[in-house]
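Going down the list, the protein sequences come from chains L and P. Numbering-wise (the numbering used here), the first sequence opens with residue 1 and increments by one. Numbering-wise (the numbering used here), the second sequence opens with residue 1 and increments by one.
Note: identical chains are not told apart, hence a pair may lie in one copy or across any two.
Derived lysine-lysine pairs resembling DSBU-like cross-links, with alpha carbons at most 30 Å apart:
1) 9 / 46
2) 9 / 270
3) 147 / 270
4) 147 / 46
Because the hints were derived from the structure by calculation, they are not lab data.
2 protein chains.
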Amino acid sequence: MSQIEARIKETAERVNLALENLLPAEQGSEVRLIGAIRYAALGGGKRLRPFFTIEAGRIFDADEGSLLRAACAIECVHAYSLAHDDLPAMDDDDLRRGRPTLHRQYDEATAILAGDALLTFAFELMAEPATHSDPQMRCKLISGLAKASGAQGMVAGQAADMAGADIGSDLIAVTRMNRQKTGALINFAVDAGALIGGASEAEKTALSRYAHDVGLAFQMRDDLLDAEGVVRDTGKAVGKDKARGKVNFVTVLGADATRDRINMLANQAKAHLSVFGSRARILLDAVDFIVDRRY
Amino acid sequence: MSQIEARIKETAERVNLALENLLPAEQGSEVRLIGAIRYAALGGGKRLRPFFTIEAGRIFDADEGSLLRAACAIECVHAYSLAHDDLPAMDDDDLRRGRPTLHRQYDEATAILAGDALLTFAFELMAEPATHSDPQMRCKLISGLAKASGAQGMVAGQAADMAGADIGSDLIAVTRMNRQKTGALINFAVDAGALIGGASEAEKTALSRYAHDVGLAFQMRDDLLDAEGVVRDTGKAVGKDKARGKVNFVTVLGADATRDRINMLANQAKAHLSVFGSRARILLDAVDFIVDRRY
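Only chain L is shown next, with the shape it has when bound in the complex (with noise of 0.2 Å):
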C-alpha cells in the first residue's frame, strides 16, 4: 500500500468511528430504521469526501474536532444519496461496496426514509457547536453544504444523469451533468475544509480550482472503472452506463481520449496547490491515487 493510501485508509477509518458514535444508536422502537441508517453509512467506501475536508483544513491547522464533524456530515449527505440513487426507481442497483444495496437489504420504503434521515442528520450535525465555536461559520457550512446538495447541485445532476441522452450526449452537457452529480459535493467538502481553517480569498479559490478538477478526474475515472471494471474491485456492478444508454465521459469521447483528459486535469490539478508548497503534499499525492485507482 502507498503512503498516500495508507493516510486515506486511516482518515476513513476515523471518520467511520466518529459516524458509529454520532449516529443515533440500534436500539428502541426505530430499531429497523435506524439499522438502516447505519447500513447506509458504515459500510465502508474510500471516504474520499471526509478526506478532502481534512486534509484541505491541515492545510491552514484547523481544529481537528471541527474538520471530522463536519466531513461526517458531508459523508452523511453522500451515504443518502447513494441509497436513493440505487432505488429500483432511479439507478436499480443491487450492489453497492460488495453488499446488497441498501433497499435489497431492507426494503424500499426503508431505504427512502434512512435516506432522508441521513440528509436531515448532516444538517444537524453541522449546525451544533461541537462543528464550529461560531455560529456564523456553521451557517456558511450548512449554506453550502445544502447548494451543493439541492436542485442547483446533486439532486440535479441526479436527474440530468436519468434523463440519459436527452440531456444531450457531447462534452458540454456531460461535464456539466457530472458537476453537479459529483463534482458540487466533492468542491464543497475540500471548500468546508479551507473555510474551518480559516483560508484566505486566494488560497480559498486555488482550493476550489484543485477541487473542480479533481473532481471531473475522479469522476472519468469512475467512468472507466465502469467501462473495463471487474466487480471483484469496485464492489459494484460494471458495465451499467453503456447496458443502460446512459451517457458519461467514456461514451461520449472513447477510453483512450478520457485517459487523456484524466492526466491533463491531474496535472492542472496539482499546479493550483503549488502556492501552498509543501504544505499540499498530501492533497498532492491524493491526486494520483485518484487516477490511478482500481476500485
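Please build the complex by placing chain P on the supplied structure of chain L, with the hints as guidance.
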C-alpha cells in the same frame, strides 16, 4: 367563512406568495425537476404549520420577515414529507389536495428527487441571514427543524406508520407514532415562532404544551375525516387506513371516544394559552377551527 378561517387563508396566501418567490424558477435544464418541486410545494394546502409559526411569533411582536421565512422552510419540509409518503413504496397514494400526487403527475424518480431537494432547500432557507440576523438563532432553528424531521421525529413516525399493526394497536403506540409523524413538526412550528419572538422559558413551555395538544387533536380529526370524510372535502382518498390495516385513533378508540378526546385536548390546549391573555386570541380560535374542520 369564520374570522379565524379568513385569517388562516390570509396567512396561507402570504406563504404561497413567499414560496413562489423563494423557490427556484422553472427554467433552464432542470426545468422538469424544478417543475416538480414547485408542484409539490405550491399545490395548496391549509399551511397550518406556517400559520402556527407566524401567529406564535406575533404574540411577541416578532419580526414578520423572519417569521415568514422560517414558516416557508417548515412548509418545505412538510411538502417533502407528503411527496415521499405518497410514493408507491410507501402509502401509494394517487390523490393529494384534489390533484394527482407528485409521482403520478411526474414520475417516481422525479418525486423522490423533488422531495430530497425540498428537504435540502428548507435548511438552505433557514441558514441564510434573511431568516434572522443572529446566526446563533439560525443554528437553533436548523437544529430544531432537523430534530423534528429526522430519525427521532417525522421519519421515525412514517416508519412506524408503515409498520402498521406491528407497532402495537394500543393507544400508547398510536399516540407515540402520531407524536412523531405529525406532532413533532407542528410542535417545532410553534416553537420556532416562540424562539424568533424571544419568548421566556415559561412562555415557550406554555406554547409547547399548546402545540402538543393541538397536534394530537389535529391528527385525531384527520383520522375521523379519513374514516367518515368525503373525497370532495378532503382532496385526498378517504377510508385508507382501515383498508390498509393501519392503526389510527379511530381504529383503536372508535369514533365517539376519539371525538371526546379531541374535545378534551382542545380545552386543554386553550388552557395553556391563558398566560398570554388576549394576545393569544388567534391561537385560541385556531383550536376550534382545527377540531371542527371538514378538510
